[in-house]
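Protein chains in written order, with the numbering used here: chain A, 309 to 692; chain B, 309 to 692.
Just to be clear, a hint being listed does not mean it is correct.
Claimed, not checked - BS3-like mimics (lysine-lysine), calculated; alpha carbons at most 30 Å apart, straight line:
no., chain 1, residue 1, chain 2, residue 2
1, A, K505, B, K534
2, A, K583, B, K377
3, A, K389, B, K583
4, B, K534, A, K359
To be verified - To be clear about the criterion: a stretch of chain A counts as covered by chain B if any three or more of its residues have a C-beta under 8 Å from a C-beta of chain B, and this derived list gives those stretches:
no., region
5, 429 to 443
6, 600 to 608
7, 623 to 636
8, 677 to 691
Stated by the list, open to error - Counterexamples of contact, computed for chain A against chain B with all Cβ distances above 10 Å:
no., residue
9, F339
10, V375
11, L467
If you are wondering where the hints come from, they were derived from the structure by calculation, not from laboratory data. Where is the CB? At the ideal position from N, CA and C, for every residue including glycine.
Number of protein chains: 2
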Amino acid sequence: MLQNNDFSSGKAKTFRAKLLIASSEESADIFYASGFHAPDEFYYYETEHEKGIIVSPLEYSRAVSEVRKEIRVLDRSQLLKECGAEVPFPVFLSRRLGVDCWQVPARFPFADAQDLLKAGIRLECSRTVPFFPERMCKTGEEIAAIRKSVQAAEEMMRLLQYILTESKVNSRGFLELAGTVVTSEFLRSELEGSFKKMGYSASRTIIAHGPQGSEPHNIGSGPIRKGEPIVADIFPRSDVTGYWGDMTRTFVKGKAAPVVKRAFHAVLKASETAKSLLRSGAIASEVHQAACEALRNAGFRTGRTKEGLPCGFFHGLGHGVGLEIHEAPRVSPLNPNPLRAGNVVSVEPGLYYPEWGGIRLEDLVVITRDSFRSFNTMGMELEL
Amino acid sequence: MLQNNDFSSGKAKTFRAKLLIASSEESADIFYASGFHAPDEFYYYETEHEKGIIVSPLEYSRAVSEVRKEIRVLDRSQLLKECGAEVPFPVFLSRRLGVDCWQVPARFPFADAQDLLKAGIRLECSRTVPFFPERMCKTGEEIAAIRKSVQAAEEMMRLLQYILTESKVNSRGFLELAGTVVTSEFLRSELEGSFKKMGYSASRTIIAHGPQGSEPHNIGSGPIRKGEPIVADIFPRSDVTGYWGDMTRTFVKGKAAPVVKRAFHAVLKASETAKSLLRSGAIASEVHQAACEALRNAGFRTGRTKEGLPCGFFHGLGHGVGLEIHEAPRVSPLNPNPLRAGNVVSVEPGLYYPEWGGIRLEDLVVITRDSFRSFNTMGMELEL
């Protein structure tokens with residue numbers, strides 16, 4: 309995914325004017341570049357002379373006070389009046405700024421691209437993901453923001469562990485807390501509600517138990533039984549900074565079945581094996597393969613069930629985390645590039661079998677010159 | 309924005325194959341068509357023979373159980389193996405499905421469009437917003453989902469009203485509850501935390517007081533004083549259905565200044581005037597203009613301050629609400645089209661002045677043949 313990263317090549321840089329059209333919810337790049345959060349589409353541009361955003365009058369005065377200080381704020385309604393109905397707005401803008409070639413992101417809207425091309429304005433579509441590749445190597449400030457989000461996640465993971473520990477098992481084998489059966493929905497709403505009060509947004513928090521856990525993004529539902537693995541994948545986003553945290557633990561209330569225990573230890577071993585390779589220069593796909601090998605060595609095979617469903621370990625070992633929950637660099641067989649100091653990635657091997665469910669263990673780390681630093685302090689224990 | 313809505317034209321329909329590439333968080337259209345929620349990009353297609361989605365192996369088995377039942381689920385990793393490295397995946401897919409022309413949305417990713425065009429596959433870029441125009445006329449099921457989200461919003465608005473009513477004014481003129489100063493941050497976290505426990509996500513809830521309220525999207529901060537207008541704009545999204553609610557009230561603790569009272573009554577009158585025109589066939593821009601006229605008749609002028617900041621009423625009267633918080637149809641000067649039965653739109657006139665702040669009152673309504681039905685039951689009172 310990073311192969312076309314022409315910013316990192318040795319070539320002398322020539323300036324390229326840049327244009328983005330998106331809401332800050334759709335595009336982490338536009339938020340990264342502007343520092344401005346808006347629910348509706350706005351424009352961001354960089355020319356040799358200036359950087360600017362173009363927002364609706366609704367956002368104008370807020371934008372003036374919130375954007376990064378070198379960025380000019382323009383009111384779209386004023387410009388639209390000058391533009392008139394004949395010329396598409398991006399074309400008007402390009403002419404006004406004297407730009408005849410824009411560098412645009414891979415996800416630039418096709419309709420706007422068509423308008424620009426038709427007017428003779430050239431577009432260089434960057435295949436680089438993210439559009440601003442410097443996003444991949446986090447600054448000290450970004451690392452501090454991510455650390456806070458992981459701390460919030462750990463706070464909630466400890467609350468979850470506490471609830472599970474304090475729960476009693478009723479006569480039908482279900483967990484109960486203060487006389488009420490403990491469900492995925494109850495736990496999710498407790499955690500997400502508490503996150504909100506701490507200034508973090510979390511949705512679709514995964515509390516998947518038993519066979520549900522064999523689907524990595526199944527969020528889980530219904531009452532939880534003793535003895536079944538509970539995959540808890542918690543990923544809050546700070547309402548203030550916009551940076552995500554991400555972590556996963558797997559718990560069993562009471563005794564785990566032998567196969568679940570074996571899988572847990574295999575996944576733990578895979579995590580340790582992968583982490584031992586992390587450093588600036590380590591090849592992402594090789595780190596992934598090392599984790600796979602550790603799982604194979606522990607006797608776990610990856611493949612498909614008779615129904616064609618995947619089982620074993622069938623996702624990438626990790627992904628970048630920052631202003632997006634899943635961003636570059638990926639730690640997967642598809643990424644043959646070296647990791648670099650400042651990359652923040654998850655390390656999350658897992659094993660999934662439709663018969664009994666899943667095990668996943670996820671820590672978030674920042675790559676350093678010789679090794680890595682973990683954002684996590686919480687251990688990994690299976691049985692509660 | 310809806311002018312290019314070629315679906316509503318009298319022409320005979322010819323079938324068009326459709327392709328979308330997006331995450332369900334970026335694109336309400338892909339969620340609408342597939343019923344599948346995924347945080348990462350996936351493919352949705354419609355050909356004359358079938359509808360399908362293409363997801364990562366990570367999502368495969370969950371997708372099989374969650375998508376609408378007529379939709380086929382394909383595993384991207386399997387297809388990628390067949391595709392190989394030479395051919396871009398969208399091109400491989402088009403050939404495999406026998407499609408030589410796709411209809412794509414305005415926000416279709418430009419990089420994928422380039423790949424397809426280069427391979428000789430034609431793209432018809434729909435300028436229709438939304439891509440599936442039937443999204444604009446809500447079904448009974450969608451209306452029920454929106455009603456629930458508005459009910460949740462009203463629940464929280466009543467909680468806010470209660471907190472403000474119960475607060476005492478301290479000797480410095482600030483609101484206090486149980487000995488603690490009441491701030492925008494405190495109120496936001498209370499409301500958003502409670503929403504989460506009800507199964508709704510809310511972020512950037514606006515509790516803007518005093519001059520902050522003059523910026524329509526300023527979320528508000530700091531301690532609240534008696535006598536200043538407090539704009540509360542509450543917009544939760546159901547974690548289950550994905551449909552939004554949206555409402556705004558403006559409160560003053562204690563006595564409002566005469567200008568604030570006058571503005572409040574002018575906005576209330578503008579809301580009533582606009583609502584009196586709502587019915588299937590009413591021209592959206594005319595409804596907007598009627599609200600403007602009511603504000604002018606009450607003596608309020610719209611324009612700019614000496615610093616160039618907009619003041620008065622300077623945003624559209626309303627917007628569609630559904631799977632997006634801001635969607636078509638807009639009720640604004642830019643929409644010369646008639647409203648239609650089943651449109652769900654906000655009616656939210658406002659007045660904004662940097663000196664004292666803002667007044668905004670927002671209800672959500674569904675257009676009917678002869679009139680409208682409001683989702684709101686809560687009245688509009690200024691002073692508490």
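A quick look at each hint next to the structure:
1. A:K505 with B:K534: holds (25 Å)
2. A:K583 with B:K377: Violated, because 42 Å separates the two Cα atoms, which is more than 30 Å.
3. A:K389 with B:K583: holds (29 Å)
4. B:K534 with A:K359: violated (41 Å)
5. 429 to 443: holds (count 3)
6. 600 to 608: Per the Cβ count (0), the hint is violated.
7. 623 to 636: holds (count 3)
8. 677 to 691: violated (count 0)
9. F339: F339 (chain A) clear of chain B: closest Cβ-Cβ about 13 Å, beyond 10 Å.
10. V375: holds (13 Å)
11. L467: Since the minimum Cβ distance to chain B is about 14 Å, L467 (chain A) lies beyond 10 Å and the statement holds.
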